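The listed protein sequences correspond, in order, to chains Z and V. To convert, note that position 40 of the first sequence is 41 in this note's numbering; the numbers rise steadily by one, no gaps. To convert, note that position 295 of the second sequence is 300 in this note's numbering; the numbers rise steadily by one, no gaps.
Hints listed in this document are in silico derivations from the structure and should not be mistaken for laboratory results. These numbers were taken from a predicted model, which means no experiment stands behind them. Honestly, I wouldn't trust all of these hints.
What the hints assert, rightly or not - Each pair of labels, with its calculated beta carbon distance range: (1) Z/ASP68 - V/ALA323: 24 to 30 Å; (2) V/GLN361 - Z/GLU93: 38 to 44 Å; (3) Z/VAL31 - V/ARG258: 18 to 24 Å; (4) Z/ALA30 - V/ASP228: 47 to 53 Å; (5) V/ARG258 - Z/SER86: 29 to 35 Å; (6) Z/ALA99 - V/GLY163: 33 to 39 Å.
To be verified - Here are some chain V residues pointing at chain Z (derived, C-beta under 10 Å): (7) ALA156; (8) LEU176; (9) ALA346.
Positions of the beta carbon are idealized from the N, C-alpha and C atoms, including for glycine.
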Amino acid sequence: MSVLLCALTDTDAADVDGWLARAECELAAVAVEPPARVVDTSSAVLLHASFKPGRSVVPASLTLYRDHGRLRVELQGDDVAPLESWLVEALELTRVCAL
Amino acid sequence: MSADPIAPNGLRGVLAGPELRELPKLLQPGEETLALVQGWYRGRPGMLVATSARLLFLDKGWLFGLHFEQFEYDRLTAVQYDGGLVWATIAILGAGGEARIERAPGDGARQLCERVQPLLGHAAAPQVVAAPPAPADGFAVAPPQSLPSFADVGGMDGLKQEAKQTLGLLLAFPDRTEEYRIDWNGLLLHGAPGSGKTHFGRALAGEFALGLVEVGAAAVGTDARKLSDAFATAAAAAPCVLFVDDLAELARRAPLVDPLVSLLEQARAIHGLVVVGATSDLDALGDELVRPGRFDRRLQIGLPDAVARRAILAVALAGRPADPQLDLDAVAARCDGLTAASLLQAVDAAALAALQASAPVSTVHLLGALNGLGGAERPTVDGWSWDRLVLPEQTKSELQALQALIEDPDRARQFGVEPPTGALLVGPPGTGKTTVARVLAAQARCSFFPVSAADVTSKWAGESEQSVKRLFERARAAAPAIVFLDEADALGAERGESDDAGYDRQLNQFLQEMDGIGGDRGVFVLAATNRPDRLDPALTRGGRLSRTIEIPLPDEQGRRAMLAEMTKPMPLAGVDLDALAARSDGFSGADLHALCQQAAVAAIVRGSDADTPQVLPADFETALADLRRKEPAPA
Numbered sequence: 002m003s004v005l006l007c008a009l010t011d012t013d014a015a016d017v018d019g020w021l022a023r024a025e026c027e028l029a030a031v032a033v034e035p036p037a038r039v040v041d042t043s044s045a046v047l048l049h050a051s052f053k054p055g056r057s058v059v060p061a062s063l064t065l066y067r068d069h070g071r072l073r074v075e076l077q078g079d080d081v082a083p084l085e086s087w088l089v090e091a092l093e094l095t096r097v098c099a100l
Numbered sequence: 006m007s008a009d010p011i012a013p014n015g016l017r018g019v020l021a022g023p024e025l026r027e028l029p030k031l032l033q034p035g036e037e038t039l040a041l042v043q044g045w046y047r048g049r050p051g052m053l054v055a056t057s058a059r060l061l062f063l064d065k066g067w068l069f070g071l072h073f074e075q076f077e078y079d080r081l082t083a084v085q086y087d088g089g090l091v092w093a094t095i096a097i098l099g100a101g102g103e104a105r106i107e108r109a110p111g112d113g114a115r116q117l118c119e120r121v122q123p124l125l126g127h128a129a130a131p132q133v134v135a136a137p138p139a140p141a142d143g144f145a146v147a148p149p150q151s152l153p154s155f156a157d158v159g160g161m162d163g164l165k166q167e168a169k170q171t172l173g174l175l176l177a178f179p180d181r182t183e184e185y186r187i188d189w190n191g192l193l194l195h196g197a198p199g200s201g202k203t204h205f206g207r208a209l210a211g212e213f214a215l216g217l218v219e220v221g222a223a224a225v226g227t228d229a230r231k232l233s234d235a236f237a238t239a240a241a242a243a244p245c246v247l248f249v250d251d252l253a254e255l256a257r258r259a260p261l262v263d264p265l266v267s268l269l270e271q272a273r274a275i276h277g278l279v280v281v282g283a284t285s286d287l288d289a290l291g292d293e294l295v296r297p298g299r300f301d302r303r304l305q306i307g308l309p310d311a312v313a314r315r316a317i318l319a320v321a322l323a324g325r326p327a328d329p330q331l332d333l334d335a336v337a338a339r340c341d342g343l344t345a346a347s348l349l350q351a352v353d354a355a356a357l358a359a360l361q362a363s364a365p366v367s368t369v370h371l372l373g374a375l376n377g378l379g380g381a382e383r384p385t386v387d388g389w390s391w392d393r394l395v396l397p398e399q400t401k402s403e404l405q406a407l408q409a410l411i412e413d414p415d416r417a418r419q420f421g422v423e424p425p426t427g428a429l430l431v432g433p434p435g436t437g438k439t440t441v442a443r444v445l446a447a448q449a450r451c452s453f454f455p456v457s458a459a460d461v462t463s464k465w466a467g468e469s470e471q472s473v474k475r476l477f478e479r480a481r482a483a484a485p486a487i488v489f490l491d492e493a494d495a496l497g498a499e500r501g502e503s504d505d506a507g508y509d510r511q512l513n514q515f516l517q518e519m520d521g522i523g524g525d526r527g528v529f530v531l532a533a534t535n536r537p538d539r540l541d542p543a544l545t546r547g548g549r550l551s552r553t554i555e556i557p558l559p560d561e562q563g564r565r566a567m568l569a570e571m572t573k574p575m576p577l578a579g580v581d582l583d584a585l586a587a588r589s590d591g592f593s594g595a596d597l598h599a600l601c602q603q604a605a606v607a608a609i610v611r612g613s614d615a616d617t618p619q620v621l622p623a624d625f626e627t628a629l630a631d632l633r634r635k636e637p638a639p640a
């Protein structure tokens, strides 16, 4: 399992709903299970989706902290580095740290 | 992938009957069975079937062709594999909590791992993560989507803000937390029973998309291992909130204190584990639980103000048929001092009343439900109105202004005035101070707790303070309430004047309780005395009995009105009430009452020649003379 903390760009952090809509489109295009907002509150949004970067399906949980423009990315599986990199690039994120 | 169900824990034989053959009928086209194991859901044993698309739970009923339940697949988490044993959480279910595969022995474990592997996304066989932890008995992780959020919490805006500025910040900036060497993780919620601590704790988890493990005194008993299980379950599910309810009760159980302290210490090192404790009795927590390093932040959940009460009522009414004319502001203004739980209880009662009337929930239903709160044991004084009182207009309007403040203290705050928590009625004996208190309680629709020094004084050490404490506890439980202290000079005389140290302690307790209600509204203290000079100055200082209302002897007009009222049921003949009022200067209401009663008695003693009984002027003369003979003429 890999857990990564990322930051949105300043522009995206100022418009998290706009970023979310874009992110959902990006994710839907490649996910085997399209992203679903399982939690959407004034503080956080939790997205669940599944990807199949190789032979295996990788379930992903993305938690966006609305007030701070930061995203926790949790990928369940081994060898998820390529998927991680793709997510960072596609969603225009900056890696902060691994958790 | 085989469509053949696998029974990795040796249940193939058990499930070889015709029931198992029914399973494929439940599957959608293209859906494959991946694993079938024993498991639990909502405390019921049964079979968990992991398919390529969802999770099915089949309880024993299904085995006999009676029952099955289906849940949406949410996500798979982890498998821990250790030489023949497997312990895995295979699914977090949308609404019902956690379902887990318990230990599956031998080859079955390997087969299960292989089967579950694609769902877990492992490219290789599951690794040995650690020795399998003993499954936490009875503690489940509630997924965030099953929890309320701050939107479901009426009011508490300050607390929500505080949570965002602490927990929200720490979740989003774990890197900076390390940089600043902040290892904060503990939050202690305290407040009166029913104030909404548990609801807020759940909403805290839901708001920040965290899982939730709840543990309380009932689930733990005195078994420290269960406490440890709860921490382990929450730690494994981090980021997660561990909500420790009844903290004071746990702290009272000696075998639990040291383990609890130790677990709280360990929890600080687990990133993403947020321990939230709750208690309604902060004083009962030992120093070891409240000292720095345990719960770093304390949040008091006070009684909701009018805005919060309105929000709570709105949340509780959401989705119920409600009258469009429903005046929530009026209802919220009417229920000062009520806890969130009491408000929810009132909404439920109002909804039931509305259902019985086949009507939407209206203001009348809610106000009726509020009046009914507290049940039959709530001491009320219905039927007492201002009309019963003969008082100077100025005194009456002062009292009515006080009533308005008791009913809606938030209104005073809107004008920048801190509403009084107590008032002192001062006046000669017999002027009706007790009646005034009853009318105030009835008109402000408060419970009424009359008390005199004799009621709460005991010769046993410590007993008097306990009596005072219990009195205020009862009053708070029946809020909104008025505690009426009659003959306040007996209980509230200046400290140090009595040889009895117990007296001072009793008064101190009383003062302490009064200070407590300053921030914990719903209880108003009304005291009465004819000797204000004897009162301890601490009683009348700001924040306690800060307002004094004089209840004077009636003037001639007042005496006339009282005499008219008191003689209404009497068969008067030729009695000049105006003259009587003029001659009774200095009489109190009680004196006038005695005068009328004496006159009636004199009439009975005298006998009557007429066919019908009559009370004559001579009877009043007799009564006047009699009264003046018995005691010195009133000043």
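Going down the list of hints, with the structure as the test:
Distance hint check for Z/ASP68 and V/ALA323: the Cβ-Cβ separation is about 25 Å, which falls inside the suggested range of 24 to 30 Å. The hinted range of 38 to 44 Å is not satisfied by V/GLN361 and Z/GLU93, whose Cβ atoms lie roughly 58 Å apart. As the Cβ distance of Z/VAL31 to V/ARG258 is approximately 53 Å, the hint placing it in 18 to 24 Å is violated. At about 51 Å, the beta-carbon gap between Z/ALA30 and V/ASP228 stays in the expected band of 47 to 53 Å.
Checked against the given bound of 29 to 35 Å, the beta carbons of V/ARG258 and Z/SER86, roughly 51 Å apart, lie outside it. Separation of Z/ALA99 from V/GLY163 is about 35 Å and conforms to the stated range, judged on CB atoms against 33 to 39 Å. Taking 10 Å as the C-beta contact cut-off toward chain Z, the hint placing V/ALA156 at the interface holds, the least distance being around 7 Å. Taking 10 Å as the C-beta cut-off, the interface hint given for V/LEU176 holds, the closest approach to chain Z being about 6 Å.
For the restraint placing V/ALA346 at the interface with chain Z, the shortest Cβ-Cβ distance is roughly 23 Å, beyond the 10 Å limit, so the hint is violated.
Figure legend: structure checked against the earlier numbered hints; hints not met, in rising order: 2, 3, 5, 9.
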